[in-house]
Amino acid sequence: MPFIPHTQEDEREILDSLGIKNKEELFSHIPQEIRLNRPLHLPQPLSEVEIEKEIQKIASVNKGVNGYISFLGGGSYNHWIPSTVESILSRGEIFSPYTPYQPEASQGTLTILFEFQTMMCELFEMEVSNASVYDGASALAEACLMALRITKKEEVILSSAIHPEYRTVVKTYLQSAGFRVKETPFKKNGKTDLETLERNISNDTAAFAIQNPNFFGVIEDLEGLKKLRESKDILLISCIVEPISLGVLKPPGSYKSDIAVGEGKSFGIPLNFGGPYLGIFTSKMEYVRNMPGRIVGETIDIEGKRGFVLTLSTREQHIRRAKATSNICTNHNMCAIAATIYLASVGKNGFKKISEINLKKAHFLARELRKRGFELLFDSPFYNEFAIKLRSPERALNTGLERGFIAGLPLKRFYPELEEGLLINVTEVHDVLSLEKFADFLEEVKDA
Amino acid sequence: MPEKLIFELGRRDREGVSVPQDELKTLNIEELLPKDFLRDKQPCLPEVSEIEVVRHYTRLSQLNFCVDTHFYPLGSCTMKYNPRIGEKLSSLSEFTNLHPYEPEELVQGALKIMFELGKYLCEIGGFDAITLQPSAGAHGELTGLLLIRAYHEYKGKKRSKVIIPDSAHGTNPASCTLAGYKAIEIKSGKDGCIDIDRLREELDEEVAAVMITNPNTLGIFEENILKIAELTHSVGALLYGDGANMNALMGISRPGDMGFDVLHFNLHKTFSAPHGGGGPGSGPVAVKRDLEPFLPVPVIVERDGKYHLDYNRPLSIGKVKSFYGNFPVMLKAYIYIRMMGSEGLKKASENAVLNARYIISKVKNDYDLPYDKPPMHEGVISGRKFKEYGIKTLDIAKRLLDYGFHPPTIYFPLIVEEALMIEPTETETKETLDAFINAMLNIANEAKNNPELLKNAPHKTPVRRLDEVKAARDLKLRWVENKGGL
Chain A
3 MPFIPHTQED EREILDSLGI KNKEELFSHI PQEIRLNRPL HLPQPLSEVE
53 IEKEIQKIAS VNKGVNGYIS FLGGGSYNHW IPSTVESILS RGEIFSPYTP
103 YQPEASQGTL TILFEFQTMM CELFEMEVSN ASVYDGASAL AEACLMALRI
153 TKKEEVILSS AIHPEYRTVV KTYLQSAGFR VKETPFKKNG KTDLETLERN
203 ISNDTAAFAI QNPNFFGVIE DLEGLKKLRE SKDILLISCI VEPISLGVLK
253 PPGSYKSDIA VGEGKSFGIP LNFGGPYLGI FTSKMEYVRN MPGRIVGETI
303 DIEGKRGFVL TLSTREQHIR RAKATSNICT NHNMCAIAAT IYLASVGKNG
353 FKKISEINLK KAHFLARELR KRGFELLFDS PFYNEFAIKL RSPERALNTG
403 LERGFIAGLP LKRFYPELEE GLLINVTEVH DVLSLEKFAD FLEEVKDA
Chain B
504 MPEKLIFELG RRDREGVSVP QDELKTLNIE ELLPKDFLRD KQPCLPEVSE
554 IEVVRHYTRL SQLNFCVDTH FYPLGSCTMK YNPRIGEKLS SLSEFTNLHP
604 YEPEELVQGA LKIMFELGKY LCEIGGFDAI TLQPSAGAHG ELTGLLLIRA
654 YHEYKGKKRS KVIIPDSAHG TNPASCTLAG YKAIEIKSGK DGCIDIDRLR
704 EELDEEVAAV MITNPNTLGI FEENILKIAE LTHSVGALLY GDGANMNALM
754 GISRPGDMGF DVLHFNLHKT FSAPHGGGGP GSGPVAVKRD LEPFLPVPVI
804 VERDGKYHLD YNRPLSIGKV KSFYGNFPVM LKAYIYIRMM GSEGLKKASE
854 NAVLNARYII SKVKNDYDLP YDKPPMHEGV ISGRKFKEYG IKTLDIAKRL
904 LDYGFHPPTI YFPLIVEEAL MIEPTETETK ETLDAFINAM LNIANEAKNN
954 PELLKNAPHK TPVRRLDEVK AARDLKLRWV ENKGGL
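So the protein sequences, as listed, match chains A and B. What the first sequence shows, in the numbering used here, is residues 3 to 450, in sequence order. What the second sequence shows, in the numbering used here, is residues 504 to 989, in sequence order.
Mixed in with the good hints there might be a few duds.
[Unchecked claim] Stretch-level coverage of chain B by chain A, calculated; a stretch enters the list once three of its residues show a Cβ under 8 angstroms from a Cβ in chain A:
id, stretch
1, 549 to 561
2, 565 to 571
3, 609 to 616
4, 623 to 636
5, 726 to 736
Please keep in mind that the hints were generated in silico from the structure rather than gathered at the bench. Just so it is clear, CB atoms sit at the ideal spot from N, CA and C, and this is done for glycine as well.
Looking at chain A on its own, in the form it has when it is part of the complex (with noise of 0.2 angstroms):
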């Protein structure tokens, strides 16, 4: 058994040196009745030759990004990923140690979680960032707690053009612990309808979430965000689910979001069938002690050297137990890696033009579809991903299939008042040649 080396004359030895018999007596304290006495019903064991070949059988029924042209985001965006990423995500040293508790043992994870903490500050313009949670729907729902911690109150309003996975993670994780959850609408322009936010926020309002670009696509009004935040006591929480945005769009610290939380799947990170990801996590410094997650500082050895360590572990579960800022103990940090590896390449001017691309691609599918005679379900500007009205958004997926599209993402499926809107992602991974056909067949089943 490879996994296990010991040869029966290493485990005669121990049992020798133990003073029992066999290894059966190790568990002789467990009450018999308890005791399982047969084989667990699994599978015949497999060589590694076998395994391959199942693994590979089971691989080929899958039918992903590669036999097709996807056009799928709504939080799950298809970006091209520099060989630097994986090359050095690959390595045992990277993968195989745990959570950093000896940092004089783990400099190399430590140092990279302090370049992406600040990696992180500088594309949110926030300033502080941890070293990741598990998602940017935990991230958010996480975001939403810590409000409540810092203003001591009892409700957040969501727009409810925030991805609506995100928006039932936030009430699974508040509703339990006794806090409420309400929603504001979005108007017909897709934008969240700020108006109607204002008059619903009270004084048991912890803080208001958006985000941005939100759920259809849509760049919310920020300037109306930044003098709502400035007008009305409550926090604004921001929350980025395609960060590559970031390159072309407004961070958060500009329109004075107090926490700005993501989804970082973006950087560096595959498809994965919609996990692991990564959950960003950004705040103003004055909310440092009141953050979840772990969080990186840089400090000096006995000889004066520079290091990293975890700290202010005192607001963690570990020393704090029942009255911690939050129970996570695992969290993303690979993927937060992978993040670091994924921006050091693309450096400062890579980043701009990739979020340029994206822009510029997004805008010339929706610009073809127009001249086709495509309406957009919501006349607002967008970044990468937008919405279409069509008669059928299924049929258009399911005829897509046929012909080596995945067409989109039907918005009925979460907006049963939608139910002509198809939203569509574009991103730099499309080539000019393939949108147009993809126009071009849109254009063939829109009537359909």
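Please arrange chain B on chain A, whose structure you already have, making use of the hints.
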């Protein structure tokens, strides 16, 4: 020469990769978006070449201890070897390129793996149904507690408390609070196990659950588990199992058969997925039939030989993360289980226990065994006897680094003074175990005869002992241009 930060390398306008061609040079972003949406100050990202990226992160990687380079007996974390085949197969593009919103018929392979993994885990744990959605063990705890909450509310009784032994993982009380419960801590008995009388005193109709680990965090099997389950159920409460210690039990005893109603697994511990420097993990939650209706959506079901994502579950607690969970971690666990089979998993647990007991038996006299019960897959010793030489457990841990070993978990569980929690796992050779034992015994001698050596340890690591107090006092949580370096 200490490693610089990536921001301290490179030069203005240096580029690390060839970014995709801009096929639309004629489009101008100022014409596509209103000016007041556009960022005016670009983020300060590195400006380095590809070779600088590769060298920098390769050099940084070499500053880490990890399972692939060092014995890593970090108790409660189960740092066993991660078979390479898992890495290889989980990076097949047929998996990595799947978008979560693809139509079901395109993702049947992935759904099959999730469905079958769920079945295997239920069989290993003795449960009826499962969700694979949680991202980590603690995320699983929260999910499990929310299921328990939903169950009680459905039955018309809210209940307000969860009982937790003082030896529990810190995440247990934190998860309780997050789930809206008050955590009631009960003191462990003299034998390190749950004190049945104290438990009985605390149990009433307000208790939603008793949350324990078996084997417990001292590595001791709670022999009274059936009694504990009976008492818990007698007031209508449920028994929650923290699955962090499942590596001791596979094929030997099933939590479901002991009376647990809910259990989370840590796929990254027991089922051999790498820990990624602190994650991603995966924390599936298995339940008995009564709790199945409350599982997060979607649940994977099989109908007519096809797999489906079932969202139509009116009593579901909702979702705890977007999409379905950490798929590659699940895939690695699936591969591991298929390769090990029933006999292999049992052997893994047997040898994990064998190795832990071997180490503990060899070091317990030179250190101190606070609870003299047979350890399962991990054991806790104490360094308290070295206090008279001015030596703390922290010093012992740092000295172990000089011997080339990652230290055990220290100062946990909290009920043991100067605790060292050792978990060797089944994947280590006898030679490694013996070398570690020797190092521990040498250090015990050094503590008495040359304590300064320990107080100044480590001596051989890339940085020496780091000032953690300074880090928390003079907060520097990001690099700042011109101020970041020394």
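Checked hints:
no.: 1; hint: 549 to 561; verdict: holds (count 9)
no.: 2; hint: 565 to 571; verdict: holds (count 7)
no.: 3; hint: 609 to 616; verdict: holds (count 7)
no.: 4; hint: 623 to 636; verdict: holds (count 3)
no.: 5; hint: 726 to 736; verdict: holds (count 3)
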